[in-house]
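Colleague: Sequence:
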Amino acid sequence: KPKEKEELHKLGNAAERQAFQAYLKEQRRQAISLLKKANAPMQTTKDTIQNES
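Going by the numbering used here, the sequence shown opens with residue 6, and the numbers climb by one from there.
Simulated from the structure, these hints should not be mistaken for laboratory data. Fair warning: there could be bad hints in the mix.
Just the calculated beta-carbon pair ranges, DEER-fashion [unchecked claim]: (1) K15 - L39: 32 to 38 Å; (2) K8 - A36: 40 to 46 Å; (3) Q32 - E12: 26 to 32 Å.
Glycine is no exception: its CB is placed at the ideal position from the N, C-alpha and C atoms.
Using the sequences and the accompanying hints, generate a full structural model.
Modeller: If you want it as C-alpha cells, here you go:
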C-alpha cells in the first residue's frame, strides 16, 4: 500500500517539524535567559560606575 506509506511519511515529517520548532523555541528561550543573565552584571556595573562618578 504505497498510499498508506505516504501518509505515514507525511505524519513523520509533520512530527519532525513540530519537534524541530519546539527545539528552536527552547533554544531561543535559553539563549534569551542566558543573555539576560550575562547582561545583569553588566547593568549593575554600569549603574555603579555612574553612581560613583
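Colleague: Are the hints correct? Go through all of them and say.
Modeller: Hints, verified against the model:
In this structure the supplied range 32 to 38 Å holds for K15 paired with L39, their Cβ-Cβ distance being about 36 Å. Checked against the given bound of 40 to 46 Å, the beta carbons of K8 and A36, roughly 42 Å apart, stay inside it. Remark: the range hint 26 to 32 Å for Q32 to E12 is upheld by a beta-carbon distance near 30 Å.
Checked against the numbered hints above, the structure breaks none of them.
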